[in-house]
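K.L.:
Start from chain A and add chain B according to the hints.
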Amino acid sequence: MPLKKKSSEKTKIDEILESSRRDFLKKVGIVGAASVAGGAAIYAGYRFEKSKNNADTIKVLTEDNRLVEIPKDQVKDFKPDLKALQTRGREGIQGRKWIWVIDLSKCRNARKCVEACQEAHHLRPYEYHINTLVMKESVNTPAYFMPKPCQHCDNPPCVSVCPVDATFKRQDGVVLIDNERCIGCRFCMAACPYSARTFHWHEPLVVEGDKDQEYNVELNLPQKKGTITKCLMSSDRLRENKLPYCVSACPNGVYYFGDENENAVTNGTTKETVNLKELLEKNGGYRLMAELGTKPRVYYLPPKNRLFDFKQGPETEYKEIT
Amino acid sequence: MTGSVLSSGQYNKKLDSIAADILKNVGLNKGFIVWMGFLVIAFGACIFAYTIQLRKGLGVTGLRDITSWGMYIANFVFFVATSLVGMLISCVLGLAGAKWVKPIGRIAEIIAVAFAAVAGLVIVSDMGRPDRLPYVFIFGRVQSPILWDVSVVTTYFVLSLLLWFLPMIPDLAIARTRLANRPEFLIKAYEILSFKWIHHETQYKILKQAVRILLILVIPTAFAIHTVTSWLFAFTPRAGWDSTIFGPYFVSGAFVSGTAAVIIAMYFFRVNYNLKNYLTTDHFEKMGRVLILVSVLYLYFNLNEFFVPGYKMKTQDAIHLKELFTGGHALLFWGVQLCGLIIPVFLMLFRSIRRPTPMLIISLIMLISAWLKRFLIVVPPQAHPYLPVQNFPVEWIVYKPTLIETLVTAASFLLVLIIVTILSKLFPVIPIWEVAEDEIKKENKEV
Numbered sequence: 001m002p003l004k005k006k007s008s009e010k011t012k013i014d015e016i017l018e019s020s021r022r023d024f025l026k027k028v029g030i031v032g033a034a035s036v037a038g039g040a041a042i043y044a045g046y047r048f049e050k051s052k053n054n055a056d057t058i059k060v061l062t063e064d065n066r067l068v069e070i071p072k073d074q075v076k077d078f079k080p081d082l083k084a085l086q087t088r089g090r091e092g093i094q095g096r097k098w099i100w101v102i103d104l105s106k107c108r109n110a111r112k113c114v115e116a117c118q119e120a121h122h123l124r125p126y127e128y129h130i131n132t133l134v135m136k137e138s139v140n141t142p143a144y145f146m147p148k149p150c151q152h153c154d155n156p157p158c159v160s161v162c163p164v165d166a167t168f169k170r171q172d173g174v175v176l177i178d179n180e181r182c183i184g185c186r187f188c189m190a191a192c193p194y195s196a197r198t199f200h201w202h203e204p205l206v207v208e209g210d211k212d213q214e215y216n217v218e219l220n221l222p223q224k225k226g227t228i229t230k231c232l233m234s235s236d237r238l239r240e241n242k243l244p245y246c247v248s249a250c251p252n253g254v255y256y257f258g259d260e261n262e263n264a265v266t267n268g269t270t271k272e273t274v275n276l277k278e279l280l281e282k283n284g285g286y287r288l289m290a291e292l293g294t295k296p297r298v299y300y301l302p303p304k305n306r307l308f309d310f311k312q313g314p315e316t317e318y319k320e321i322t
Numbered sequence: 323m324t325g326s327v328l329s330s331g332q333y334n335k336k337l338d339s340i341a342a343d344i345l346k347n348v349g350l351n352k353g354f355i356v357w358m359g360f361l362v363i364a365f366g367a368c369i370f371a372y373t374i375q376l377r378k379g380l381g382v383t384g385l386r387d388i389t390s391w392g393m394y395i396a397n398f399v400f401f402v403a404t405s406l407v408g409m410l411i412s413c414v415l416g417l418a419g420a421k422w423v424k425p426i427g428r429i430a431e432i433i434a435v436a437f438a439a440v441a442g443l444v445i446v447s448d449m450g451r452p453d454r455l456p457y458v459f460i461f462g463r464v465q466s467p468i469l470w471d472v473s474v475v476t477t478y479f480v481l482s483l484l485l486w487f488l489p490m491i492p493d494l495a496i497a498r499t500r501l502a503n504r505p506e507f508l509i510k511a512y513e514i515l516s517f518k519w520i521h522h523e524t525q526y527k528i529l530k531q532a533v534r535i536l537l538i539l540v541i542p543t544a545f546a547i548h549t550v551t552s553w554l555f556a557f558t559p560r561a562g563w564d565s566t567i568f569g570p571y572f573v574s575g576a577f578v579s580g581t582a583a584v585i586i587a588m589y590f591f592r593v594n595y596n597l598k599n600y601l602t603t604d605h606f607e608k609m610g611r612v613l614i615l616v617s618v619l620y621l622y623f624n625l626n627e628f629f630v631p632g633y634k635m636k637t638q639d640a641i642h643l644k645e646l647f648t649g650g651h652a653l654l655f656w657g658v659q660l661c662g663l664i665i666p667v668f669l670m671l672f673r674s675i676r677r678p679t680p681m682l683i684i685s686l687i688m689l690i691s692a693w694l695k696r697f698l699i700v701v702p703p704q705a706h707p708y709l710p711v712q713n714f715p716v717e718w719i720v721y722k723p724t725l726i727e728t729l730v731t732a733a734s735f736l737l738v739l740i741i742v743t744i745l746s747k748l749f750p751v752i753p754i755w756e757v758a759e760d761e762i763k764k765e766n767k768e769v
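Protein sequences, first through last, are from chains A and B. Under this note's numbering, the first residue of the first sequence is numbered 1, with each subsequent residue one higher. Under this note's numbering, the first residue of the second sequence is numbered 323, with each subsequent residue one higher.
Not one of these hints is a red herring.
Restricting the straight-line Cα-Cα distance to at most 20 angstroms, the calculated cross-link-like pairs of lysine to aspartate or glutamate (EDC-like) are:
(1) LYS83(A) x ASP212(A)
(2) LYS767(B) x GLU756(B)
(3) LYS79(A) x GLU63(A)
(4) LYS378(B) x GLU320(A)
(5) LYS319(A) x GLU717(B)
(6) LYS225(A) x GLU320(A)
(7) LYS634(B) x GLU291(A)
(8) LYS644(B) x GLU137(A)
(9) LYS636(B) x GLU291(A)
(10) LYS295(A) x ASP259(A)
(11) LYS225(A) x ASP453(B)
(12) LYS225(A) x GLU717(B)
Pulled from the structure, derived: some chain B residues nowhere near chain A, Cβ distances all over 10 angstroms:
(13) SER330
(14) PHE360
(15) ALA371
(16) TRP422
(17) ARG504
(18) PRO505
(19) TYR589
(20) ASN624
(21) ALA652
(22) PHE672
(23) PHE735
(24) LEU739
(25) LEU748
Derived contacts from chain A toward chain B, CB cut-off under 10 angstroms, selection only:
(26) PRO125
(27) MET146
(28) CYS162
(29) VAL164
(30) PHE187
Derived from the structure by calculation, the hints contain no laboratory data. Ideal Cβ positions, reconstructed from N, Cα and C, are used throughout, including at glycine.
Chain A extracted, bound-state conformation (with noise of 0.2 angstroms):
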């Protein structure tokens, strides 16, 4: 304002005013100066620091393979998202062809596999990933136990028949069910020869947890209602280097599982690891079904030389829970 009374006569008052704004931008100038320069200082600390902490550095073994060294404090803990998780979920581990060996002279319906592999992919009692069957092929041969999981086909009806690529084939032999992508026509369960699926018809079991759980698809977890779910192969254990659940579930050294490449297999139960072709040629192995040209990857050794008896034992009445 007293600008604007410049132009007219100069009075005392504008005098004052004048010389203790004069003196008020200087304190202000010594003030700004002196923050600068503090400011500076600071920061040429901060980088002091910051320069230190290069030093400590860690070795990291990346994804291919390669060893590198990262600065400690950049490293974090690596939680997958689900574009992350889907990502590697379908792709699959590299070099790796997984099998099944199933030796049904072993097998006296313990059903620990199948509960195994119930607790592991929430699923109810009679929702089954694997079931195990009472199998009986004529009147004269004697009756059997058979545990029946997917058979990971290498020529998988499912998979062609698939609209929208929800289930499909990955590079170690795995068949995947991508239940984010599912639209629930169910044409993968009149495909399979082997009745390996099953269909959310409900709501699926809720297991504490499942909300707030990022949706894998090497577990299958949270299960969707109106999508499919079956067996993995405990896809999630073997990124783990683990059998799977059901096979180290088995307390009767039915299952042997392992990778073709490296054509060895090891017993779930025993730990004892054997050469594969060795194992199929000395008990004559057979896959389910093959004339159907389906080649499962899953070979069964026939029920000769039992260790036990055949006892059913009483049967179980399986009731719907909705």
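P.N.:
For chain B alone, kept in the frame of chain A given last:
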């Protein structure tokens, strides 16, 4: 020559009388409103049943892991089948030079449009995740027969709609000046949809060419829709579905249900619309002959489908066939074969049976049998898979359709009736100009 016919005074006089007969049924009368009101309310009730399914999941149906395709899929097959008749009447018979099919051509196309449109919706009701329907287009894989089915059913629907609509354009132009005392919107609609048609000779020439091209195009499309639908089953290794003749077996069966549906519609329009001079007893006589022909054809495929595996009785086939021949589904199986095919063929051999009322009764029985036959094709082969069915609750093993499932299925039939009612009540149900032209030609020939 056509041009001279279409502009002669004789033709115009003929046109006047035919237009008066046909157009008197067009419009919203009391009967129409009551009937539509009933259909819409019933449809609404059935849609409510579907909302329960949407909320609770497919568990409200009788479907479970063992029989995972049931009434919905059977109904879908039936709808696709019945829609095929549009191709049979207008194309096969029409192109072969059967002049008598002219007045029933449009009825056949209405049946085709209604059933094809609803077939698309029926399949959605069977989806576990209908909200993911767009995935079929976003992530669609050409290897899957479902993609083929979606493409050909859509194409067939569009072609059938065009075949219904295009030849009707001149009729709409004829009608727009003759629709006194009708609702404003209807007259307006006729004006827009007749595209300022001026009945010029060149217009008719182009129209006839366009329709001819459509008639030819729709033949392979119609064969494709039902062949692909049969492949949804034949591409699986299940006994009862694993058949090389499923394509022609389905197509020939489709002709039976479609012809029966057209005869029923013809009877209804003949009586209710008072069109005895257009849908004559002779038409029923001739449609009876067509029905005999397609039924014998279907019977022949049935013989191959059941007798060939039935002679060999391979393990899996035997389980399935015994179930049909002497097992739990025997009554239905023999009932459908006898009442829905063999007895009607025998009866229709008599001229006295090929009259409107007996033909209506026979057609109704054959249509119901055709639906039940689809049920027999879809459901029993799933009950006995290769491996034993064990350790399940009883509901998972035995398929029993539920009330909700039945209501949702009923909704599809109500929707067909709604579409047929709208198309036949708001638009001329008999082609006016085509019939007039044919009659003039016939009269001139006689002179």
